[in-house]
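Engineer: Residue numbers (our numbering), protein chains in the order written: chain G, 38 to 183; chain D, 38 to 183.
In case anyone wonders, no lab produced these hints; they're calculated from the structure.
Don't be surprised by glycine CBs; every beta carbon is placed ideally from N, CA and C.
Honestly, I wouldn't trust all of these hints.
Claimed, not checked - Only some residues are given here: those of chain D computed to face chain G with a beta carbon under 8 Å:
1. E86
2. Q164
3. I168
4. A170
There are 2 protein chains.
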Amino acid sequence: MAIAPHPDQLDVERINLAVYRAFEALDLPAMLALWVQDDSASCVHPGWEPLSGWGEVRTAWESIFANTESIRFDLSDVNVMVSGSLAVVRLIENIESESGGEITQGRAMATNVFVRSPTGWLIVHHQATPIAAEDGDEGEANTTLH
Amino acid sequence: MAIAPHPDQLDVERINLAVYRAFEALDLPAMLALWVQDDSASCVHPGWEPLSGWGEVRTAWESIFANTESIRFDLSDVNVMVSGSLAVVRLIENIESESGGEITQGRAMATNVFVRSPTGWLIVHHQATPIAAEDGDEGEANTTLH
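Please model the entire structure based on the sequences and the hints provided.
Structural biologist: Right, here's the structure in full:
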């Protein structure tokens with residue numbers, strides 16, 4: 038017997054996907070609008086120093102979007118935890134990106150933290166750690182964004 | 038005027054410190070007792086592949102504790118978010134460890150996720166990303182465990 042997910046869980050899954058869709062579309066205003074825009078915002082991009090506060094987080098997205106020609110994510114092993122006004126999404130990012138004419142494939146383990154605002158869920162923390170290439174066929178578990 | 042933190046926040050800070058104290062004491066039973074011991078447990082140690090489920094998480098702690106002679110953490114930039122039965126702690130780990138007679142100093146940005154159980158808060162996810170050495174004097178912000 039299937040148990041329907043709590044509506045909050047579906048909302049968080051939706052906003053988590055919206056973050057990756059904004060990234061794929063290289064739509065900076067859409068990405069920025071999904072974030073908590075205050076001192077509590079933080080971000081650890083693969084290979085970057087940790088970013089703390091909205092100024093640093095925003096500047097990094099501007100730089101990343103300006104320097105990326107295209108990027109595609111397949112998300113696997115997506116796990117959502119929600120309680121009250123706080124949510125955590127753990128997932129594997131399977132990434133294909135193009136920058137300076139060079140195509141790069143990679144994988145990262147990401148933790149995304151969301152808080153409930155008066156207008157809906159917003160992302161407050163993103164931490165992505167590069168991991169080794171896929172060691173098995175995880176295609177069945179993928180959540181494709183397209 | 039100081040605003041007293043919510044009791045839940047103090048409880049989460051306390052259990053977060055207990056994780057690092059168990060690590061410093063290389064007290065495996067104490068560390069294992071702080072974890073959610075089911076499929077939801079996950080861990081990303083610096084330089085390791087992501088670990089998913091209690092079996093992998095427990096085996097990794099056994100291996101880490103067996104291969105560490107000593108380890109000390111100074112925690113800085115500790116930020117706690119709590120809502121309902123879910124909590125997220127973000128922090129910088131300033132680490133000094135000894136293994137095979139060799140002393141290593143390092144820094145990592147960690148995200149620790151806790152869930153409220155009938156017996157108190159338990160850690161369900163730990164993700165630590167290595168970062169560059171300290172670029173300024175952050176001693177004032179440190180939370181020393183000793």
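Engineer: Take the hints in turn and mark each one as holding or not.
Structural biologist: Tested hints:
Look at D/E86: its Cβ gets to within about 6 Å of chain G, closer than 8 Å, so that hint holds up. Taking 8 Å as the C-beta cut-off, the interface hint given for D/Q164 holds, the closest approach to chain G being about 5 Å. Taking 8 Å as the C-beta contact cut-off toward chain G, the hint placing D/I168 at the interface holds, the least distance being around 6 Å. The beta carbon of D/A170 is not positioned within 8 Å of any beta carbon in chain G (closest approach about 11 Å), and the interface hint is therefore violated.
Figure legend: structure checked against the earlier numbered hints; the only hint not met is number 4.
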